[in-house]
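All chains, please: the whole structure from these sequences, using the hints.
Chains as they are written, first to last, in our numbering: chain D, 567 to 1060; chain E, 27 to 528.
Hint data in this document are derived by calculation from the structure and do not stem from the laboratory. Every residue, glycine too, gets a C-beta built ideally from N, C-alpha and C. Take the hints with a grain of salt, since some may be wrong.
Chain D side only, calculated, beta carbon under 8 Å to chain E, not exhaustive [said to hold, decoys possible]:
#: 1; residue: F584
#: 2; residue: L596
#: 3; residue: F599
#: 4; residue: A1019
If you want the ones that stay clear, here's a sample from chain E, every Cβ over 10 Å from chain D, calculated [said to hold, decoys possible]:
#: 5; residue: L64
#: 6; residue: L71
#: 7; residue: Q81
#: 8; residue: L180
#: 9; residue: Q444
#: 10; residue: F491
#: 11; residue: V499
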Amino acid sequence: MDLETLKSFNWSVMTPEFIILGVTALLTLLDLFLPKKQDRRILGWIGIIGIFAAIIALTSMLGTEATSILDDTFTLDAFGKAFKIILLVGAALVMFLAISYEAKDGLEEYRGEFYYLFLTALLGAMMMTSSGDLITLFIGLELLSISSYILAGIRKHNLKSNESAMKYVINGGISTAITLFGMSYVYGLSGTTNLFEIANTLSAISNGQQAYLLGLAFLMIFVGLSFKLAAAPFHMWAPDVYQGAPTPVTAFLSVISKTAGFVIVIRILIAVFYNAAPSASGEGILFKMHDYLAVIAAVTMIVGNVVALKQTNIKRMFAYSSIAHAGYILVALTTLSSNMVYSIWFYLLAYMLMNLGAFAVIQVISAQSGGERIADFAGLYRRSPVLAVLMGILLVSLAGFPGTAGFIGKLNIFVGAFYGTPHYVLASIMIATTVVSYFYYFGVMTQMFLRPATDERKLNIPFGIVVVLLVAVVGSVLFGIMPNIALDFLNNLK
Amino acid sequence: MNLHSILSILVFSPLLGMIVLAFMPKMAEKAIKLVGFLATLPALLLALAAYLHFQWGKDLADFAVSKNWIQFRGMNVQEPIYSVYYELGLSGFQLLLVVLTAIVATLSAIAAARFVKKEWKGYFMLFLLLEIGMLGVFTAENLILFFIFFEVTLIPTFFLIGKWGYFEKEKAAYSFLIYNGLGSAVLLIVIMILFAKTGTTNIDLLTKIMADPSAPLSSDLKLGLLIALLIAFGVKLPIFPLHSWMLKVHVQAPPSVVMIHSGILLKIGAYGLIRFGMGIFPEQFETLSVLIAVLGVINLLYGAFLAFIQTDFKMVLAYSSISHMGIVLIGLAALNEAGVQGAIFQVISHGLISALLFFLVGVLYERTDTSLIENLGGMAKGMPIAAGFLLAGGMASLGLPGMSGFVSEFMAFLGLFQELPWIAAVGTIGIIMTAAYLLRAVLGITYGKAHREFTGVLDLKGVEFVPVVVLMVLIVLIGVYPSVLSSPLQTTLETIMLGLGG
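So, in structure tokens, the structure goes:
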């Protein structure tokens, strides 16, 4: 590729990625040259400014037509823009959490890395939303994963944090290998890594042997990615990693990583397998694999919600809760209805808001009490009524009660589940497990509102937490009452 | 004023009170109670105004409002797949329930001002949220909006029970949450299936679509949906064997909440069965009528027999509620005008009577710290006025002619005797039992030697007279002049009968 072709690309569509990359580089250098005594928090603020610049750059491009550069390996289409907004806003909120984070066991030495690793991870996730090629997709995934492994273990002298990073890197490595192996089958069958070309080649397959091989490829890719989504039965790492990682990292993993995981799943499923090896009736191999998806979704919801009941550690409880939410989103994926992408996007948006808000409160409480027990929430309403009420709203949204974004998200999934071929069993499991989830979400509420406080000290709420809580609660309620704002936004994308 | 916005104002008027309360200091007890009470008044006045509007011969459709609200569509599909509207409206049946809700809510606020001893601010904010939910449930014109308001009632009730209740309050609150959560889960499945199959959740539209033989639902599916509805609302009503949560709530919740719970929340179950079960699936309802009649008789007898052996007056009233809800089912199963009218009358009448009785329980408990019948003997000596009202409430509940309970029971049984005389004959045992257990309990409390619990306690005083007198007047008014209820119900009944093919 010569300079002329390089110049001919419309590089401006990558502006948000370039901004994040530039800020990351800047932070790395600053961290190197700033005096040792200097508070590294300033780097976090620069990171936030960078993310905001990226958001502005992205918003200015919302109306532009879908553009592909670099031989279709990078595409900025409606899908990419929609998910990038979630990733960027989510990452900005996580940065606010990170700025307010106080580790008891010497995070100060690695504070600089702590901030810019979030950005590299974010960059990986953003690449994934835009990639039109297996290679870039995989590189994005790896960038995200490797940054996350380090982040999980960033409290070097903390045993739990080390355990968390270790488990994460081993499980994550295995899952990546499996995914890659599956991808190699796809490459073998189609002879290309470009998603659009793959789709074209695979839709011509009619040979039974090849279709079988393709089914195998699908299963392997999906199993590997299920690790990223923390879908059962590949969820075992999540509780340990969530518990051991610093709270902002846990929040990041549960929101950004999960969103990125769903992005890659949708990209691959829709682009590669939707029309591949069509049956006589013209349905792609994805429809044959449908039952596997359904089983995974069902098991994920049941395991997540049921095991969450028994947790006494709030972060472990939220780990299982996030497994359960992945299960709900998998239901939307399984139905393959016409509003699937919208349902998933809306659910992830709602989930991003309510989960990050909840983690903000968790961070405040655990900073004060030093522990992460659910019992530490006892009497929160007495100590800080506002915080308790805000947390209450977020929990109600997570439980999916009306008036909140969580409810509308579930409603979207239900409409999809009954539209066309109805999925009675799957929808029933989803709704039954939702009722089960009332137990543990209301368990936290019981602690906050009905139990006497064990610790009467006033809570110290840093500025960053206030920002996250405001955005999270306002967003959860706004999208719960006027969901059409989100829908119109999505419809106006090109 | 624009009539179309009146319903929205009516439903959301308690919100104003919540906002004012949010900015009030925690310890300003008197002011908080006053605001909590005043905040229920706009809804009450508007509901009464709507009632007068109707009685003056104007059309209730004047109040209907409909605005585009939520849409569901695909990513690149420009036209909406489905829309959900924000639509409120009133029919005669809904009007009566809204008036009932507004009255009981105001009276419950008075009761709360008397009986709630701590954290008034939180109590009244939750209470007002609950009122919004209840008013919304009865005015919603589509199933999704109905469901949203339905769920809105769950959360405040959970906390009202869990925080301000008696000893086992948290257990009762969880039991309430899980049973009702499961009920509403089943309801949501029904709603979403209807929505996905027909593209609308508007109740009138659905009624029309289902009546059309070319409807996109098989009759098996319709029957399945109706059974699901019966379960969903059966939890709420409650229908035996789904009732155990309701006993705990009646015993553990504070009296002002039980007034609402027994008076209004249980009625949502009856309302749902009549409006959705009977209204949308009339044919299937006929298929199930024998089953419903049997369930009704079981409820009636089971409640009555168990009420007879209770030692706690609250438990007597709780079982009595189960028993009386059996009469609603009996009336509905008759599928004729008398029966359905009896069922609706019973809904309203029991709402008033149980609110009255639970208010009196609150009065008693406040003074004596007990609700055990054996500890309460001789009330007539210590508190003659309260004892008089208790006796009158008991009489109304057992169906003494001249009071509201009589009219409804009479009509419900009249209806069932026309259709299923044998089942109705078995059911009459329940009426006798009702008289027996109520007289045992009420007389046990009022007469006999005065216990020491009653030495030096005060009779009804001050604001306590308001709820008692208002409820008593309404109970007698319906008893002697039933057309205050039957005239608004006329059109509703005609529509239902038309659906039933009669």
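Results for each hint:
no.: 1; hint: F584; result: violated, 27 Å
no.: 2; hint: L596; result: violated, 40 Å
no.: 3; hint: F599; result: violated, 46 Å
no.: 4; hint: A1019; result: violated, 14 Å
no.: 5; hint: L64; result: holds, 23 Å
no.: 6; hint: L71; result: holds, 26 Å
no.: 7; hint: Q81; result: holds, 34 Å
no.: 8; hint: L180; result: violated, 7 Å
no.: 9; hint: Q444; result: holds, 38 Å
no.: 10; hint: F491; result: holds, 34 Å
no.: 11; hint: V499; result: holds, 37 Å
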